[in-house]
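Undergrad: What follows is each chain in one-letter form.
2 protein chains.
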Amino acid sequence: MRDHTYHLLQEHIQKHISVTPDELSFFLMLLKRVTYHKNQVLLREGENCLNFAFILSGCIKSYLIDKKGEEHILTIAPEGWWVADVKSFITNEAGNLFLEAIEPTQAALLSRANQALLLEKTPRFERYFRVLTERAFAMSQQRILDAMSLTASERFDKFRLQYPSLTNRLTHRQIASYIGVTPSFFSRMLKQRK
Amino acid sequence: MRDHTYHLLQEHIQKHISVTPDELSFFLMLLKRVTYHKNQVLLREGENCLNFAFILSGCIKSYLIDKKGEEHILTIAPEGWWVADVKSFITNEAGNLFLEAIEPTQAALLSRANQALLLEKTPRFERYFRVLTERAFAMSQQRILDAMSLTASERFDKFRLQYPSLTNRLTHRQIASYIGVTPSFFSRMLKQRK
DNA sequence: CCTTGCCAATGACATAGGTCAATCCGGATG
DNA sequence: CATCCGGATTGACCTATGTCATTGGCAAGG
Numbered sequence: 001m002r003d004h005t006y007h008l009l010q011e012h013i014q015k016h017i018s019v020t021p022d023e024l025s026f027f028l029m030l031l032k033r034v035t036y037h038k039n040q041v042l043l044r045e046g047e048n049c050l051n052f053a054f055i056l057s058g059c060i061k062s063y064l065i066d067k068k069g070e071e072h073i074l075t076i077a078p079e080g081w082w083v084a085d086v087k088s089f090i091t092n093e094a095g096n097l098f099l100e101a102i103e104p105t106q107a108a109l110l111s112r113a114n115q116a117l118l119l120e121k122t123p124r125f126e127r128y129f130r131v132l133t134e135r136a137f138a139m140s141q142q143r144i145l146d147a148m149s150l151t152a153s154e155r156f157d158k159f160r161l162q163y164p165s166l167t168n169r170l171t172h173r174q175i176a177s178y179i180g181v182t183p184s185f186f187s188r189m190l191k192q193r194k
Numbered sequence: 001m002r003d004h005t006y007h008l009l010q011e012h013i014q015k016h017i018s019v020t021p022d023e024l025s026f027f028l029m030l031l032k033r034v035t036y037h038k039n040q041v042l043l044r045e046g047e048n049c050l051n052f053a054f055i056l057s058g059c060i061k062s063y064l065i066d067k068k069g070e071e072h073i074l075t076i077a078p079e080g081w082w083v084a085d086v087k088s089f090i091t092n093e094a095g096n097l098f099l100e101a102i103e104p105t106q107a108a109l110l111s112r113a114n115q116a117l118l119l120e121k122t123p124r125f126e127r128y129f130r131v132l133t134e135r136a137f138a139m140s141q142q143r144i145l146d147a148m149s150l151t152a153s154e155r156f157d158k159f160r161l162q163y164p165s166l167t168n169r170l171t172h173r174q175i176a177s178y179i180g181v182t183p184s185f186f187s188r189m190l191k192q193r194k
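Line order of the protein sequences matches chains A and B.
Using the UniProt record's numbering, you'd call the opening residue of the first sequence number 1 and step up by one each time.
Using the UniProt record's numbering, you'd call the opening residue of the second sequence number 1 and step up by one each time.
No lab work stands behind these hints, which were simulated from the structure alone.
It is possible that some hints are incorrect.
Claimed, not checked - A few chain B residues that face chain A, going by a derived Cβ cut-off under 10 Å, partial list only:
| # | residue |
| --- | --- |
| 1 | Thr133 |
| 2 | Arg135 |
| 3 | Ala138 |
| 4 | Gln142 |
| 5 | Leu145 |
Unchecked claim - Pairs of lysine-lysine residues, derived as BS3-like cross-links and limited to a Cα-Cα distance of at most 30 Å, are as follows:
| # | chain 1 | residue 1 | chain 2 | residue 2 |
| --- | --- | --- | --- | --- |
| 6 | B | Lys191 | A | Lys67 |
| 7 | A | Lys158 | A | Lys38 |
| 8 | A | Lys158 | A | Lys87 |
| 9 | A | Lys67 | B | Lys121 |
| 10 | B | Lys67 | A | Lys191 |
| 11 | B | Lys68 | A | Lys191 |
| 12 | B | Lys67 | A | Lys158 |
| 13 | A | Lys87 | A | Lys15 |
| 14 | A | Lys68 | B | Lys191 |
| 15 | B | Lys67 | B | Lys38 |
| 16 | B | Lys38 | A | Lys68 |
Since the model is a prediction, treat every value here as computed from it, not as a measurement.
Glycine included, every Cβ here is placed at the ideal spot set by N, Cα and C.
Just need the whole structure built from these sequences, with the hints factored in.
TA: Here it is, written out as structure tokens:
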């Protein structure tokens, strides 16, 4: 428990709430450390999402496959982000998302049961998850507005501003999917931007 | 404090957490009751959103006006829903949304300061807001996926399923804006559906 | 070092949905 | 009542983005 493997997560927590060392170790004790290889699928459509994952290194995408078989990326989570099929996680029902590592990835998993335990024993963490979710919600709402009011090219501009480091780590297909266009159109769009 | 004006809100709270009568009254005491007439604008772009509003009766919309002057509805909040410019509320910065009553509306306002007070004195409410936000977040994510993977007509089908009562209360323009199409296209779409 | 396979680019063509203007209508207001 | 105004509909036309198929490149694995 004294190693620094969870450095990134500790930082993340302390940025949001103040906790005692005991509370912190209790949290860390509830986690399960996992490794995924590139292209490993962590969760499939129709499965119940049992864990929230904090990414320590690497990158995970969450996506939907529509009835035409097309993939639509909902979330891209590099190190320092939490990711899950949130709807499934909170409702305890089967979800419709896939989770997949797009790089070799290390993560810390917090199971639904352990989260419940954590929140019961250490209600201070309620605030951590509330604030986290509020931020995620605000960003999600902004994305809805962007989808309705901006062109694909403008959405790409915002993407690059918001996630400059991701722009190089992801393939064009992935960025295209995230901003909501096809790879062919994305490619044409890039050319047109000179 | 003993009147039943906040019946709907009390119910809403008790559906999510268990609170003592004292905690409940403390919450209710922090609220400010307001009335809005139809078309009244509660918040404009560029303003700091100081309150969360719980709708007791009537209906509020939140929307963005894009650079072409077009309105895009983000949220429709009838009685029983909380509404705010969440990003502005949580960051304490100027927002980009408008809030406007689309019916004569009664609401209970919880200011940022009072929410902070509430959460400090009665941490039990952290859970209430966490759960609320989680649900809202999950719905918001679903809407992003719908925008990416469904046609306008399919989005309308989902809208009617999800909000059957709203379908009649709103104008076609409003529904069109919410599902992300223009009024003319919405009208044509309806005709085509036979 | 040669497959194999996915990604990127691109041409030809298709379409969902947007734009703009005209008309009609019903409810609100003086 | 008469007026006014915004919503709904619709026609003609437009465009952003999708579809599909082809080609070339580059990276991983046997």
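Undergrad: Against this structure, judge whether each hint is valid.
TA: Status of the hints after comparison with the structure:
1. Thr133: Since the shortest Cβ distance to chain A is 5 Å, the answer is holds.
2. Arg135: 7 Å, holds
3. Ala138: 4 Å, holds
4. Gln142: 7 Å, holds
5. Leu145: Interface hint status for B/Leu145: holds (5 Å vs cutoff 10 Å).
6. B/Lys191 x A/Lys67: Roughly 25 Å between the alpha carbons, so the hint for B/Lys191 and A/Lys67 holds.
7. A/Lys158 x A/Lys38: The hint holds at about 27 Å.
8. A/Lys158 x A/Lys87: 26 Å, holds
9. A/Lys67 x B/Lys121: 49 Å, violated
10. B/Lys67 x A/Lys191: Distance of about 25 Å is within 30 Å: holds.
11. B/Lys68 x A/Lys191: 25 Å, holds
12. B/Lys67 x A/Lys158: Between B/Lys67 and A/Lys158 the Cα gap is close to 15 Å, so the pair holds against 30 Å.
13. A/Lys87 x A/Lys15: 26 Å, holds
14. A/Lys68 x B/Lys191: 25 Å, holds
15. B/Lys67 x B/Lys38: 25 Å, holds
16. B/Lys38 x A/Lys68: Violated, at roughly 43 Å.
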